[in-house]
Every structure is written in structure tokens, then in C-alpha cells.
Amino acid sequence: MSEHIVSPKVYLIIFAALMLGTGITVWAAFQNFHQFNIVIALGIATIKATLVVLYFMHARYSPGRTQLVIVCSVFWLAIMLALTLADYDTRPHDMTLAVPQVFYCV
Amino acid sequence: MSNTPPTSDLELPSTHYLNATYGSGIRSWLLTTDHKRIALLYLASVTVFFFIGGVLATMIRIHLLTPGGALVTPETYNKLFTMHGVAMIFFFLIPSIPAVLGNFLIPMMIGAKDLAFPKINLLSWYIYIIGGSFVLYSFGTGGLDTGWTFYTPLSSVYSNSAVTPAVIGIFINGFSSILTGLNFIVTIHTMRAPGMTWFRLPLFAWAHYATSLVMILGTPVVAITLLLAGLERMFHLGFFNPALGGDPILFQHLFWFYSHPAVYIMILPAMGVVSEIIPTFARKPIFGYSFIAGSSIAIAVIGFLVWAHHMFVTGESTYAALTFSFLSYLVAIPSAVKVFNWTSTLYKGSISWDPPMIYALGFIGLFVIGGLTGLFLACLGLDIHIHDTYFVVAHFHYIMVGGAVMGYVGGLHFWWPKITGRLYPESLSRAAAVVLFIGFNLTFFPQFILGYLGMPRRYHTYPPEFQVLNVLSTAGASILALGYLLPMIYLTWSMRYGKVAGKNPWPATGLEWTTDSPPPTENFHVTPEVTWEPYDFQNRPDLGLAAGTRPLAPAQGDD
Amino acid sequence: MHRTGDLYGHFQTLEQQKETATLGMWIFLVTEVLFFGGLFLTYTINRSAFSTAFGIGSNTLDITLGAGNTVVLILSSLTMAMAVWSAQVGKKKLVSIFLIATLGLGSVFLGVKAVEYKQKFDHHLIPGRGFDMKYHPAHPMPGDDPKELALEKKEVEEAFSHDPDINAHGQLYFSLYFGMTGLHALHMIVGAGLLIWLIKGSFTGRFTPQYNTPVEIVGLYWHFVDIVWIYLFPLLYLIDRHR
Numbered sequence: 715m716s717e718h719i720v721s722p723k724v725y726l727i728i729f730a731a732l733m734l735g736t737g738i739t740v741w742a743a744f745q746n747f748h749q750f751n752i753v754i755a756l757g758i759a760t761i762k763a764t765l766v767v768l769y770f771m772h773a774r775y776s777p778g779r780t781q782l783v784i785v786c787s788v789f790w791l792a793i794m795l796a797l798t799l800a801d802y803d804t805r806p807h808d809m810t811l812a813v814p815q816v817f818y819c820v
Numbered sequence: 074m075s076n077t078p079p080t081s082d083l084e085l086p087s088t089h090y091l092n093a094t095y096g097s098g099i100r101s102w103l104l105t106t107d108h109k110r111i112a113l114l115y116l117a118s119v120t121v122f123f124f125i126g127g128v129l130a131t132m133i134r135i136h137l138l139t140p141g142g143a144l145v146t147p148e149t150y151n152k153l154f155t156m157h158g159v160a161m162i163f164f165f166l167i168p169s170i171p172a173v174l175g176n177f178l179i180p181m182m183i184g185a186k187d188l189a190f191p192k193i194n195l196l197s198w199y200i201y202i203i204g205g206s207f208v209l210y211s212f213g214t215g216g217l218d219t220g221w222t223f224y225t226p227l228s229s230v231y232s233n234s235a236v237t238p239a240v241i242g243i244f245i246n247g248f249s250s251i252l253t254g255l256n257f258i259v260t261i262h263t264m265r266a267p268g269m270t271w272f273r274l275p276l277f278a279w280a281h282y283a284t285s286l287v288m289i290l291g292t293p294v295v296a297i298t299l300l301l302a303g304l305e306r307m308f309h310l311g312f313f314n315p316a317l318g319g320d321p322i323l324f325q326h327l328f329w330f331y332s333h334p335a336v337y338i339m340i341l342p343a344m345g346v347v348s349e350i351i352p353t354f355a356r357k358p359i360f361g362y363s364f365i366a367g368s369s370i371a372i373a374v375i376g377f378l379v380w381a382h383h384m385f386v387t388g389e390s391t392y393a394a395l396t397f398s399f400l401s402y403l404v405a406i407p408s409a410v411k412v413f414n415w416t417s418t419l420y421k422g423s424i425s426w427d428p429p430m431i432y433a434l435g436f437i438g439l440f441v442i443g444g445l446t447g448l449f450l451a452c453l454g455l456d457i458h459i460h461d462t463y464f465v466v467a468h469f470h471y472i473m474v475g476g477a478v479m480g481y482v483g484g485l486h487f488w489w490p491k492i493t494g495r496l497y498p499e500s501l502s503r504a505a506a507v508v509l510f511i512g513f514n515l516t517f518f519p520q521f522i523l524g525y526l527g528m529p530r531r532y533h534t535y536p537p538e539f540q541v542l543n544v545l546s547t548a549g550a551s552i553l554a555l556g557y558l559l560p561m562i563y564l565t566w567s568m569r570y571g572k573v574a575g576k577n578p579w580p581a582t583g584l585e586w587t588t589d590s591p592p593p594t595e596n597f598h599v600t601p602e603v604t605w606e607p608y609d610f611q612n613r614p615d616l617g618l619a620a621g622t623r624p625l626a627p628a629q630g631d632d
Numbered sequence: 034m035h036r037t038g039d040l041y042g043h044f045q046t047l048e049q050q051k052e053t054a055t056l057g058m059w060i061f062l063v064t065e066v067l068f069f070g071g072l073f074l075t076y077t078i079n080r081s082a083f084s085t086a087f088g089i090g091s092n093t094l095d096i097t098l099g100a101g102n103t104v105v106l107i108l109s110s111l112t113m114a115m116a117v118w119s120a121q122v123g124k125k126k127l128v129s130i131f132l133i134a135t136l137g138l139g140s141v142f143l144g145v146k147a148v149e150y151k152q153k154f155d156h157h158l159i160p161g162r163g164f165d166m167k168y169h170p171a172h173p174m175p176g177d178d179p180k181e182l183a184l185e186k187k188e189v190e191e192a193f194s195h196d197p198d199i200n201a202h203g204q205l206y207f208s209l210y211f212g213m214t215g216l217h218a219l220h221m222i223v224g225a226g227l228l229i230w231l232i233k234g235s236f237t238g239r240f241t242p243q244y245n246t247p248v249e250i251v252g253l254y255w256h257f258v259d260i261v262w263i264y265l266f267p268l269l270y271l272i273d274r275h276r
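Chains as they are written, first to last, in our numbering: chain D, 715 to 820; chain F, 74 to 632; chain L, 34 to 276.
What the hints contain is simulated information worked out from the structure, not anything from laboratory work.
Among the hints, erroneous ones may be present.
When the alpha-carbon atoms are kept at most 27 angstroms apart in a straight line, the in silico DSSO-like pairs for lysine-lysine are as follows [to be verified]:
| no. | chain 1 | residue 1 | chain 2 | residue 2 |
| --- | --- | --- | --- | --- |
| 1 | L | K124 | L | K153 |
| 2 | L | K151 | D | K723 |
| 3 | L | K146 | L | K167 |
| 4 | D | K723 | L | K126 |
| 5 | L | K233 | L | K126 |
| 6 | L | K233 | L | K124 |
| 7 | F | K192 | L | K233 |
| 8 | L | K186 | D | K723 |
| 9 | L | K233 | L | K167 |
| 10 | L | K151 | L | K180 |
| 11 | L | K126 | L | K153 |
Calculated Cβ distances over 10 angstroms to all of chain D for the following chain L residues [said to hold, decoys possible]:
| no. | residue |
| --- | --- |
| 12 | G42 |
| 13 | L62 |
| 14 | I133 |
| 15 | V145 |
| 16 | I159 |
| 17 | P179 |
| 18 | K180 |
| 19 | K187 |
| 20 | F211 |
| 21 | A225 |
| 22 | G234 |
| 23 | H256 |
Virtual Cβ for every residue (Gly too), placed ideally from N, Cα, C.
Can you make the complete structure from the sequences, with help from the hints?
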């Protein structure tokens, strides 16, 4: 399996993109987009992370097995977050966090 | 009754991994990177913890002979069941088959000289020893009374027992598990011999691949969880303490995210062992190889989606409870596929009753009972009544002891000739297997009834009407103990005085049986090239089946 | 296991060895994703429950230092990637230079973090005894911007009027702040150790186009640590800046 050597030019372009992303994140944080602030912040962070994984970590040029490993790690993290939030988000909203109620049908 | 061909007077190979010395005696063991020696290091250490857990179990059962509690104070009783759980789960069950049999066999099964990362393999063992030492320190300086589940805020705020060293020890031990899983996954991907394709792998390897997936994806979460609980205890933080705004349910989510898949770490390797033993002693290829392989992966994946079925009555939302209940029923399906396939393998097979086979058959029966009772618990309405009763205790002991431990002991019996080059006394070992089976059922079946009748778990007393069943259970436990002690004795005896086994005494079809018993340090003198399918008893002239063996039954039946 | 040249005895070829090492590091990074993941889950649950406390806690962080550190760390990822490239094309001197640059930038990051931690200590914001979100507004430090301080004071008072337990909930935020950035910093220190080991090797010209696996896999680890920070920065520093 021959190695694909990524050129410094690509690295510099990705670096510039990461800097741009950081700048936009900070700027957006000072604007009031209501509930979208978090979406924008995490969205840009994810784009930056993806660029680092694809180009700095050479995932774009790695065998399919490596890409499967990466996808699986994200997927498993998503399982942990999603199913736990499925519990918290489906509780009645007038409860405080530390006092969950259990409703029996007796 | 046995189809195993009689072995002629054989001799042990002159040099093998046990007598190969590189450096002085004890140093060559403590600094070894040979996966086979590391497996034996683990064998010794997990046996120590099994013994400790066993002594604690004995004390529990003696205490429960009378309703008032015969042996210890209530506070000490809490410590007994906690330490029994911690020792058995984290330091015996989780490492046992992977670290002992997996380490020993996987390189040989795939035709490699060692695992991918031999030094990390040794590091895994040292991490286990260090973690175990912290936990033993905790046991020795006041013990632990929080339950092996460390629910907060008892563990992180209110308990007066030695929680912090125990939590540190389990945290450290987690990395032993992680590194073993990492080693296995990479080894199976990159170190297979020429011709050893994925679908020629022994099912033991598939089982350990699936187990390793669970190890690497789940263990880090319990590590961070216990770290947070420990930090909370040490620095009075508030993650899980309601008085400071924290949430005990969050701890439970994080804890069970690992601890449920952990039970699959405990059972999948045992299923792999059974998948090796059944075709060997039915003298037939296994039925549905690819389905058994696929079901191992399916169990590993779906096993991550069911954790909150441990929390039905602790305060999760009804919607979450419904979801997790449904998913818990789903996870039973791949297990059922395996049981079906093993049974179909037996059909029209040429069954021989060697000791490993008795353990494997016992496994199938007991695992079915344990697994089905798990479905009872997954039913929301029923769980409200039987949660935290002896029904749960019986359920998980059927799987972990009737399943995983029988798989471990059966596997030890199956591969003992390969590991030591010796056979063990046949009649005694068959008897011991039966003693184990009887003792086990006598110990734990009454507990299903006790739980159904309402006896709570983790209680140091019980109402007088439950005494008969408790006494039966304790009586069974003494027989069970005999069933464990007998193999410890005769297996040790056999290391010196057992009949020499030769390369392939059963015979079985795996690559590991083509090399010497005990194997040389580099496993194979020449790198093998695999050209045959697994469990193919007909096309293996190299196996040296004794003359006059009856013709092999076809796998699909002769309709 | 014995080694002949760069090839360890249990491997058949250098190619197999490289494939094994790389897969091993990727799988290790999977475990790290789940390890940090537990903390991210704790953060998510706690932030949604105590958004006010998290907001004012976040506003006590210095955004210039945080953003600056982000730039420094991403730059160190660039130099790390360039170190791998240098080894791949055989420019041995550049390997050392880029590795040293990476280590230097990483050290700058850790130094800034130490400054930030010290600031939190001075402001009585370390969780435990003595934690008090009202302390800093009541006790200005030299170098504080009076406008910022007034804003902080107003915010804290308003938060206390709505939620008397702000100190407890604020402690949750800071426990997570120190826990997550502390774990991240620990990983960086390990990374620094690995870089020192690589730098030593690079001085002997060890890393060539034929054998540069150690640089590659330490690079993978370093980039992962960078990615964790890419998420930590907005989640810890930028919760409620739009006040």
C-alpha cells in the first residue's frame, strides 16, 4: 500500500480554514442568535474537527477500515448522548434535575 | 462413550515456551513478552481473585442460613456482598477468558507468532496487578459497602468505607481491559497467516473480536465515571450529589453505559469457547458459522443500546423505560441464534462425553435459563415486582456462573493439553463437571423462587418463611465449591503426573492443534498457510484421526 | 520480541508493522473519544439544567487567552503535520525543527492555561471550600477592566436573585471546567513527553521515508488532543457572551 504524501500547500489551506473558523466562532458568540448560538458554535467546531481528521490525520487517504473506526467512535458517542438525553428530555418539565419522579400505575 | 482415539505413549517436545529460558528464572517470567506466559500470569492472578470472591460468597451464604443472620453485623454484610461483586466482576469474570485463554490462543489460532503488541500485553497484566492491589488495600482497610455498582451519593458522599482506593483500583484496572481489547482487535486485523481469511477464523476469535469491541468502547466510560465519583468524594464536588445540585441518575446512566455491555464482555468469550467445543465433540462442522460470527457482533452492538433497563425503577422517564425495554428484548435474538445453532450442530453428530463437552452442554442449558429470565426482567410491569430481589441475583448468576464460569472451566479443560502438554484424569473430571452442575442449580434455582416470593437482595435478614430455600441454596453452594476445588486439584496434579497429550488429543481442527503441546515460544516452526475451512473434519488428513473412526455426519443432516 | 533494524520479530514485513501501529493508535483514540465523551455528557446534562450559572461562570473566563490558546494549538497541529511530511520526503533536519516547534507551541498553551488557573485561584473560583462567585466583583484585582467588572457584578447579583444556589451550580460549572481542561492538559503533557522522545530520535536521523511510523502515530495523538480543545473552547468559553 503506497503512502499518499499530503503536500504542505494543502496543510496551509486547511490551517487557514481553521483560523477562519475560529474567528467566526468568536464573532458569532458575541451576536445574539438565541438558541442557534450553540448550534453555530458546535457546527463550526465539527467542521474544524472534520478538517483536522481528514487532512492533518490523513483520514482522507487512509484505508476504509480507518474511516470505519472513526465513524464508529462518533456513532458510539452519539448513542451515549442521544439515549441519555432521551431520558432527560422526556421527563415532565416541571421537575428539577435532582428530584425525578417515578409514576406508577397502581 | 468417548470417541477420542487412544493416544500412544508420547513424549513432550524438548523445548517449548515453558522451559525456554532467556535470562534467569523468575525474571524471564515477570519480563516476558510471550503471550503464552502472560496468559499463565493472568491464570494465577485471576484464580487468586476468584478465591477471594469465593470466600466472600461462602460467608454470605453461611450468614443467610438463618433469618436473623448467623455470621456478621449488618454493616459487615454490606461489605461482604460489595467486595464479592467487585472481586468477581472486575478482577475475575472480565479478564478470565480473554486474558487467559484469549491471550494464549488467539495468536496460534490465526497463525501468528505473538499478538500485535507483546509489550503492551505485559503492561496490561501489570496494570491489572496494580489495580488489584489498590482494591485489595481497600478490602483490607475497612472494606467497601456501597454495592459493586457504587451508586451515588452513598459512594461519593455518605459511605464511611474505603471507597476511594477501590475506585482508583477499578479505574486503573479498566486500562488493562482496554489494552487487551486493543491488542486483540489489531492482531485479528493485521496478523493473520496467509490463507486465514475472516470467514476461516475460529469462532473463538470472532467472539473475542466482538468482546474487544465492547472493551474499547465501554470501559473508558466507566473509567471517567468512577474518576468523577472519586473526585466528588475527595474534593466535595457536586456532580452526583443532590444536595449540591447534582444528579444521581446521571451517575447511573454513565455507570450502566459500560456495566451492561460489560456483561457481554463476560459472556461472549464463553460463547466462543462453546462454539469450539461443540463441533469438536460432535465431530461435525458447526451449523451456521456465519450466523454465529455475525451474532457475536450483533450482541456487542445491540448490547450498548440497553443499559437503562437497570434503571426502570430508579427514576428514568417512562418513555426511556419503554425504549430500553424494547431494545432489551431485541438483544436476546442473537443469543437465541447461537443456542439454536449449537443445538443444530449436535443433531446427528457423533457425540462424545469428554469433560469439556459436559461443561459446554451445561453452559447451553444454564445460559438459556439465565437469558430467558433476563427477558422477564426486561418486562416493565414485572420488573417493578422483581427488581432488587433474589430473582435478579439468580438471573445474573445463571449467566455469569452457569454461563461464563462454566465456559471458562470448560475452556481450561479443552485447551489444558495444549497449554501444559498433559491430560487430566478422565473419570474424575467428568464427575467434577457433574458435581459443579448439580451444585450450581441447587444454589441458584431456589433464589429464583425466593425473588419471586419477594425476598430483597442485599439484605442481611429475611422473613422466617424464606429459610428453607435459603438453606437449600447454602447447601448447594457447598457442593458448588467442591465442583471448583476438584479441578483446581487435579489440573494442578496433571501438570506433573498427567499423561502426555501430544499435539491433538481430541482431535480438533483449529490451527493451534497443529503445533506441539506445549507449543514452542514462536508458536509455529514454519508460518502456516491455511487452505481449509474451519471445523472441516472430513478434509483434514493431517489431523490423524485414528483408524476405524465412523464416517462423519454431514452438517445439514442427510434428508 | 527481538528486533532486526526497525522490524520487530513477530511481524513479517515493515508494511505489516506500520499498518499494525497505525491501527493500534486509531483504536486507542476511539477509547479517548469515549473517555472524554463521559465528561461531555456530564457537561450537557448540567448545562441544560443550570444554564444561568454556566453562563456567568463562562463569562469569568478570559476570551483573549482562550482564543489565543486555540490559535496556538491549531498552529501546533500544523507544525506536527509538517513534521510528518518532512520525514516522508526525507528532510531530516526539518523533522527536528517542526517537532521542536510543536513542543514549543504546546508549552505556550500549557503556560497560558497555568496563568488562567492561577487567575481562577485568585478569584476564589476553585471548587471546594472558599468558592464564591461574589468574591471577584467585591474584590477587584489590579489590571481588571472596571466596565467588565461592573458587568460581572450586575450579572452575578441578578443570578443570585433568581437562584440562591448559584454558588453550588457555579461550582458544577467550574468542576467541569477544571475537570475537562485539566484532563486535556494532562493529555498534552503526555503528548509533550512523546514529542521529547521523538525529538531525541530525530537528532539521530532515525525517521526516514521508509520508517516514520512513530512520528505519524504521535501526530495522530496530537491532532486528537487538538480536536478535543476545538470543542472545549466554545463549550466552556463562549456560552453566554452575547449578553
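Status of the hints after comparison with the structure:
Proximity of K124(L) to K153(L) is assessed by CA-CA distance (about 44 angstroms); at most 27 angstroms being required, the pair is judged violated. Between K151(L) and K723(D) the alpha-carbon distance is near 39 angstroms, which puts this suggested pair outside the 27 angstroms criterion. Using a Cα cut-off of 27 angstroms, the hinted pair K146(L) and K167(L) holds, with the two alpha carbons roughly 23 angstroms apart. For the suggested pair K723(D) and K126(L), the alpha carbons sit about 20 angstroms apart, so the restraint of at most 27 angstroms is met.
Straight-line distance between C-alpha atoms of K233(L) and K126(L) comes to about 12 angstroms, which keeps the hinted pair within the 27 angstroms bound. Distance check on the hinted pair: K233(L) and K124(L) sit about 16 angstroms apart at the alpha-carbon level, within 27 angstroms; holds. Our distance criterion of 27 angstroms between C-alpha atoms is met by K192(F) and K233(L), whose separation comes to about 22 angstroms. In summary, the hint linking K186(L) to K723(D) is not supported, as the alpha carbons are separated by about 48 angstroms, beyond the 27 angstroms threshold.
About 49 angstroms separates the Cα atoms of K233(L) and K167(L), which puts this hinted pair outside 27 angstroms; it is violated. Between the alpha carbons of K151(L) and K180(L) the distance comes to roughly 22 angstroms, so the proposed pair stays at or under 27 angstroms and holds. Only pairs whose Cα atoms come within 27 angstroms are accepted, and K126(L) paired with K153(L) is rejected, the gap being roughly 41 angstroms. At roughly 22 angstroms, the least C-beta separation between G42(L) and chain D is larger than 10 angstroms, which holds for a residue marked as non-interface.
A beta-carbon of chain D comes within 10 angstroms of the beta-carbon of L62(L); the shortest separation is about 7 angstroms. Non-interface call for I133(L) relative to chain D: holds, since the shortest CB-CB distance, roughly 17 angstroms, exceeds 10 angstroms. The Cβ of V145(L) sits about 15 angstroms from the closest Cβ of chain D, beyond the 10 angstroms cut-off, so the non-interface label holds. Every C-beta of chain D lies more than 10 angstroms from that of I159(L), the closest at about 23 angstroms, which supports listing it as non-interface.
No beta-carbon of chain D comes within 10 angstroms of the beta-carbon of P179(L); the shortest separation is about 20 angstroms. Consistency note on K180(L): stated as away from chain D, and its beta-carbon is indeed over 10 angstroms from all of that chain's, at 15 angstroms minimum. With a least CB separation of 18 angstroms from chain D, K187(L) remains clear of the 10 angstroms interface cut-off, as annotated. At the 10 angstroms boundary, the C-beta of F211(L) stays outside the reach of chain D, the nearest C-beta of that chain being 21 angstroms off.
Against the 10 angstroms criterion, A225(L) stays outside the reach of chain D, whose nearest CB is about 18 angstroms from its own CB. No Cβ of chain D comes within 10 angstroms of the Cβ of G234(L); the nearest lies about 19 angstroms off, and the non-interface call holds. With a least beta-carbon separation of about 5 angstroms from chain D, H256(L) fails to lie farther than 10 angstroms from that chain, contradicting its non-interface assignment.
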